[in-house]
Amino acid sequence: MALRRRRRARPVLSTVRPGAALPPPSALELERRAWRTRRARRSTLVALASTLLFALVAWFAVTRSPGWPRVQATFFSPSAALESLPDIARGLLVNLQVLVVGGVLVLVVGLGTAALRTLRGPAFAPLRILATVYVDLFRGVPLIIVLYLVGFGFPALGLQGVPTSPFVLGTAAIVLVYSAYVAEVFRAGIESVHPSQRAAARSLGLTHRQTMRIVVLPQALRTVTPALLNDFVALQKDVGLISVLGAIDAVRSAQIQVGRTFNFTPYVVAGLLFVLLAVPSARLADAVTARARRRQQSGSLL
Amino acid sequence: MSVLELRGVVKAFGPTVVLRGVDLAVDEHRVVALIGGSGSGKSTLLRCASLLETVDDGQVLLDGEDVTDPRVDADRVRRRMGVVFQAYNLFPHLSVLDNVTLAPTVVHGRPQAEAVEEAQALLDRIGLADKAAEFPDRLSGGQQQRVAIVRALAVRPRVLLLDEVTSALDPELVGEVLALVREVAGQGMTIVMATHEMGFARQVADTVAFLDGGVLLESGPPGQVLGEPQHPRTRRFLARVIDAGRL
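Line order of the protein sequences matches chains A and B. Counting from 1, position 249 in the first sequence corresponds to residue 249 in the numbering used here; the numbering is continuous, with no gaps. So the number in the numbering used here is just where the residue sits in the second sequence, counting from 1, plus 302.
Accuracy of the hints is not assured; some may be wrong.
If the Cβ cut is set under 8 angstroms, some of the chain A residues that face chain B in the computed set are [said to hold, decoys possible]:
id: 1; residue: Ser196
id: 2; residue: Ala200
id: 3; residue: Arg202
id: 4; residue: Thr207
id: 5; residue: Gln210
id: 6; residue: Ile214
id: 7; residue: Pro218
id: 8; residue: Gln219
Across the chosen pairs, the derived CB separations fall in these ranges [unchecked claim]:
id: 9; chain 1: A; residue 1: Leu130; chain 2: B; residue 2: Asp426; range: 47 to 53 angstroms
id: 10; chain 1: A; residue 1: Leu272; chain 2: B; residue 2: Ser442; range: 49 to 55 angstroms
id: 11; chain 1: B; residue 1: Met303; chain 2: A; residue 2: Ala292; range: 48 to 54 angstroms
id: 12; chain 1: B; residue 1: Ala423; chain 2: A; residue 2: Ser192; range: 34 to 40 angstroms
Computed list of chain B residues with no C-beta within reach of chain A, every gap over 10 angstroms [stated by the list, open to error]:
id: 13; residue: Val319
id: 14; residue: Ser340
id: 15; residue: Thr356
id: 16; residue: Gly360
id: 17; residue: Asp368
id: 18; residue: Gln422
id: 19; residue: Leu430
id: 20; residue: Gly529
id: 21; residue: His533
id: 22; residue: Ala546
Simulated from the structure, these hints should not be mistaken for lab results. Beta carbons: idealized from backbone N, C-alpha and C, even for Gly.
Just chain A, same shape as in the assembly:
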């Protein structure tokens, strides 16, 4: 190995000035960008073509089926749809009322139940156990059975002061079931707040309740908003179930029309109205979820 005098290394100084505008992209980068654009365009075209093909096949399969003319007349009759629309729309107002009243009650009862479940200490054991039993019970029972039990069971008691309106009883049943779900969503949110936040609050002298109200719950709510909106979308369609108690809502109105004309189009109309109701909420839920994800990625938490 040849012995060579080692030259003293000189520091390499960059000629790029910090803060100056970027030079135009290199040929290499331009070629990369062009390739990415080409690939994206090709993927879009492939997706479009396959979607069209599938739609065509489905369309032919359905319209060429032997029963299609009868199905079309029974389920997709424009005249029957137009005729039933006013009654169904009026019924939908009842659903909306249940949705608003029920939605607010669900938030209150759910949050209360969640708070009870997070209480520590032996003195609160009965409340904690009660809340746990309630959640287990009403998450397990199908909504329709709760509707029957509340809707027909309570009036049958014949007690004075017990409401008999299917609207009130239906709302009560829905609130009972949904609050159990929402309580668990809230509890997950409360437990997702890092214990160090609680330690910091308590070290400042905040009491357990102040810590909950000022530090834990605001952070928990932010975390669970997407999940809550998702439950709200589910609630929007389940309010249609109060029709089984005889409340004249959208579903019941459709049922009455079907009974009169033996045409099932009103059901489709009612279904479409519920979908129209759900779409804005679903988009809102998406937007809120996306925003929460962006916040998290920017490292807003520890």
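Chain A is fixed; fit chain B onto it per the hints.
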């Protein structure tokens, strides 16, 4: 009378005994540095002192009052201490100003305007007055930790407990936090700090206490404990620290 005194404090988590009877007295205007390897019980000691953990035996006395007595309202005791954590633990959903004014207004019932004025003055002193309206995630680690120190000072505590306040920081940001601690100490605040910054402990602390295996093995003036450690375990610990280039 000491501001803060620990007498035979014992703490175990399940089968793991972390503190095996620790005695420590901190006099007014004094700075005590707790040193020791990770897992030696420094953080647990501070958490016991601030009543964030319940001791399994022994006593914690604040101004002579036994605050480990279950009949004592722990929330009232915590109001008289300030704690700063390794991971800052600022409240991410509150602005910097709200972080600082929260305890003075909510816990101590001071008028909002007065608390805000005082918080602004404190933030001004650490050069972060222009960040008052920002949320903590817009601040660097060093800035967040300085806000956390100010938040703890805003309640005018009797004693400040610092739990490795520079351990989560990039090396270039350690200096600004230590400078603030030095300033606070210079103003006469009583401080107990768990730290790995031996050079800082040597300069600022009145007493250095070496914790090992849940026992205070050695404590005394920094020159003595860091310069001529008596216990072989202290010597071994300091040798490791020197090897790591931290002293």
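These are the hints, each one checked on the structure:
Here the hint on A:Ser196 is kept, as its CB sits about 5 angstroms from the closest CB of chain B, short of 8 angstroms. For the restraint placing A:Ala200 at the interface with chain B, the shortest Cβ-Cβ distance is roughly 4 angstroms, inside the 8 angstroms limit, so the hint holds. For A:Arg202, the suggested interface contact is upheld, since its CB lies about 6 angstroms from the closest CB of chain B, less than 8 angstroms. This hint holds: A:Thr207 has a C-beta 5 angstroms from the nearest C-beta of chain B, less than the 8 angstroms allowed.
At a threshold of 8 angstroms, the smallest CB-CB gap from A:Gln210 to chain B is about 6 angstroms, leaving the interface hint in force. Annotation: A:Ile214 was flagged as interfacial toward chain B, and the flag holds, the nearest CB pair being 7 angstroms apart, inside 8 angstroms. Proximity of A:Pro218 to chain B holds as hinted, the smallest CB-CB distance being about 5 angstroms (cut-off 8 angstroms). Interface restraint check for A:Gln219: the shortest CB-CB distance to chain B comes to about 5 angstroms, inside 8 angstroms, so the restraint holds.
The hint said 47 to 53 angstroms for the Cβ distance between A:Leu130 and B:Asp426, and at roughly 52 angstroms that hint holds. At about 54 angstroms, the CB distance of A:Leu272 to B:Ser442 agrees with the hint of 49 to 55 angstroms. Taken as a hint, the range 48 to 54 angstroms holds for the pair B:Met303 and A:Ala292, whose Cβ atoms sit roughly 51 angstroms apart. At roughly 36 angstroms, the beta carbons of B:Ala423 and A:Ser192 sit within the given window of 34 to 40 angstroms.
With a minimum CB-CB distance of about 22 angstroms to chain A, B:Val319 clears the 10 angstroms threshold, and the non-interface call stands. No beta-carbon of chain A comes within 10 angstroms of the beta-carbon of B:Ser340; the shortest separation is about 17 angstroms. At roughly 12 angstroms, the least C-beta separation between B:Thr356 and chain A is larger than 10 angstroms, which holds for a residue marked as non-interface. For B:Gly360, the condition that its CB be more than 10 angstroms from all CB atoms of chain A holds, with the nearest at approximately 20 angstroms.
The claim that B:Asp368 is not at the interface with chain A holds, since no C-beta of that chain comes within 10 angstroms of its own (minimum 19 angstroms). For B:Gln422, the condition that its CB be more than 10 angstroms from all CB atoms of chain A holds, with the nearest at approximately 19 angstroms. The claim that B:Leu430 lies off the interface holds: its Cβ sits roughly 18 angstroms from the closest Cβ of chain A, which is beyond the 10 angstroms cut-off. For B:Gly529, the requirement that its beta carbon stay farther than 10 angstroms from each beta carbon of chain A is met, with the minimum near 34 angstroms.
Against the 10 angstroms criterion, B:His533 stays outside the reach of chain A, whose nearest CB is about 32 angstroms from its own CB. Distance to chain A confirms B:Ala546 as a non-interface residue, since its nearest Cβ pair spans about 26 angstroms, more than 10 angstroms.
Taken one by one, the earlier hints all hold for this structure without exception.
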